[in-house]
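Student: Next come the chains, spelled out residue by residue.
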Amino acid sequence: MKIDERITVGMSDSPKWVKWKDRIHKIEKVGLHHSFREGRVLYHIFSVSTKTLCMKLRLDTETLNWKLLEISDGI
Amino acid sequence: MEFNSSPSTIMHIDLNSCFATIEQQANPFLRGKPVAVAAFTSPGGCILAASIEAKRLGIKTGMSVRDGQAIYSKLVVLPSDPWKYRNVHLKLRKLVSDYTNDFSPKSIDEFVLNMKDYPKLVSGNMKQVAGEIKQRIKSEIGEWLTVSIGIAPNRYLAKIAAGLRKPDGLDEINKSNFLDIYSKLKLTDLTGIKEANAARLNGMGIYSVLNFYRAPVWRLRAAFHSITGLYWHSRLSGYEVDNIEFGRRSYGNSVALGKNLSKIEDLAPILARLTEKMCGRLRGAGYRASGIHLMIAYKNGSWWHKGRHLAQPYFDSRDFYKAAFKLMIEANPISPVLNLAVSCFGLTKSETLQLDLFRNETTRSSLVKAGDSINERWGDFTVGSARSFGGAKMVMDRIAFGGVKELEEFTLNTG
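If you read the sequences in order, they're chains A and B. Residue numbers for the first sequence follow this note's numbering, beginning at 1 and rising by one. Residue numbers for the second sequence follow this note's numbering, beginning at 1001 and rising by one.
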């Protein structure tokens, strides 16, 4: 499901937690990390999972803003 | 010809069910489930990759989403995410470069490594090296990713060996086991031998891979009506005939249309978008082109194509669009279009401008360069012709099947 909302992410080497809609989601696993450029801007994408959800997070390296792009439960 | 008795120095690595497995790597909730990555997730969309679990149910690449879901109603269908797959390709590329500098990607999910200049690796057992590569892929790229690895004295047999067991296979074809392996394969199990080639071989009394290997060269030349027969004989005998890398001769972009479009006014913005995308890549690599080609495939199974030489090598998207649009008028599409493909050929790397009596090439060049600089800074299609913006929704980022030339571009762009 597409979300596209600003979020706060706790990072230490890789994302550890996500604060979305005033709730903290603990990240259990980083499934994949990839990056791409749009023009000069480098984006990092982290496909992470909590106990119940898979989240696609995007870090904009110019503004250092995080966005939650998508969520999925695999069903 | 005796089978090549040299040690196996070629390794073929094939990432199993590439796009679908990468999606399962990214999302652990999808692991163990039938998953398909499709060009469009709507029922008519084409399945680009099926996960190992989906393949076991009979869901295959090329099927429609509708057919896949008819086999298994809970099939998870995902849109493709090209940058995810390109990044895994780049990580794989980096990993295999630790073993040899003589390697080449054959597609987004296939690499060929030549260990000829690394006798210590070869004598120390290629299978051990392959096992280490498999292990490192799991620990350094993703634990859900599996590769099938084939080892042989030549590229062709290494590919065949990689296809013997999927997923997660590791096989070698060499002088001591080739007869046994050939005896278990059908002619159409060989890459490059489909029904038409099999029929040619059948016509010469060749019905099995062993027959094919044992056939004299004259009979194979007669079957293929060319020197190709000799090449097949060498391949199956373990000698190298496929170590040729072809340089780039054209740039092209294509799109599969979901909607039923046949009017020129509907197709023109899509053509403009494709042409600008193609020209951006052409100029980015420092080329100009002196020819244009248009191909239209219709949903009724018919198709039309035509190429045309241009007056001189061009660089400006507007010149290519004008020529491509004329070709589209000639094609006069009257039934719904399935695929639209534009390409340019006759590439030159000339730095000097061919001046024109009737228009200012220097001004055009400056304008095009300014546009390219803006797009490089802010992203593709930040500026472009107004007509191309109408085609934006139809022309999406895709990975070309077997498109190794495309891989050169994104390797350069992600540094």
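Be aware that a few hints might be false.
In silico DSS-like pairs for lysine-lysine, Cα to Cα no more than 25 Å straight-line [stated by the list, open to error]:
| # | chain 1 | residue 1 | chain 2 | residue 2 |
| --- | --- | --- | --- | --- |
| 1 | B | K1259 | A | K2 |
| 2 | B | K1326 | A | K51 |
| 3 | B | K1349 | B | K1369 |
| 4 | B | K1091 | B | K1116 |
| 5 | A | K16 | B | K1138 |
| 6 | B | K1134 | A | K29 |
| 7 | A | K2 | B | K1033 |
| 8 | B | K1194 | B | K1259 |
| 9 | A | K2 | B | K1393 |
| 10 | B | K1369 | B | K1259 |
Derived list of chain B stretches under chain A, where covered just means 3 residues or more per stretch with a C-beta under 8 Å from a C-beta of chain A [stated by the list, open to error]:
| # | segment |
| --- | --- |
| 11 | 1016-1028 |
| 12 | 1082-1096 |
| 13 | 1306-1313 |
Bear in mind the hints are in silico, worked out from the structure with no lab data behind them. Here the structure is a predicted model, which is why all the values come from computation and not from measurement. All residues carry an ideal CB built from backbone N, CA and C; glycine is no exception.
Student: Hint by hint, note whether the structure agrees.
Tutor: To see whether the hints hold, each was checked on the structure:
Among the hinted pairs, B/K1259 with A/K2 is consistent with the structure: their alpha-carbon atoms are about 23 Å apart, no more than 25 Å. With a CA separation close to 57 Å, the supplied pair B/K1326 and A/K51 exceeds the 25 Å bound. For the hint linking B/K1349 to B/K1369, the alpha-carbon distance of about 16 Å falls within 25 Å, and the restraint holds. With a C-alpha separation of about 23 Å, the suggested pair B/K1091 and B/K1116 falls inside the 25 Å cut-off, and the hint holds.
Using a Cα cut-off of 25 Å, the hinted pair A/K16 and B/K1138 holds, with the two alpha carbons roughly 22 Å apart. For a cut-off of 25 Å, the pair hint linking B/K1134 to A/K29 stands: about 21 Å separates their Cα positions. For the proposed pair A/K2 and B/K1033, the alpha carbon gap of about 21 Å is at most 25 Å, so the pair holds. Proximity of B/K1194 to B/K1259 is assessed by CA-CA distance (about 32 Å); at most 25 Å being required, the pair is judged violated.
For the given pair, A/K2 sits about 17 Å from B/K1393 by alpha-carbon distance, which is consistent with the 25 Å threshold. Restraint check for B/K1369 and B/K1259: the C-alpha separation of about 34 Å exceeds 25 Å, so the hint is violated. Counting residues of the segment 1016-1028 of chain B whose C-beta lies closer than 8 Å to any C-beta of chain A gives 5; at least three are required, and the coverage claim holds. Figure legend: the segment 1082-1096 of chain B, annotated as covered by chain A; annotation consistent (5 residues with Cβ-Cβ distances under 8 Å, at least 3 required).
Coverage of the segment 1306-1313 of chain B by chain A is violated. Counting CB-CB distances below 8 Å, 0 residues qualify, and the rule asks for three or more.
When each numbered hint is compared with the structure, violations occur for hints 2, 8, 10 and 13.
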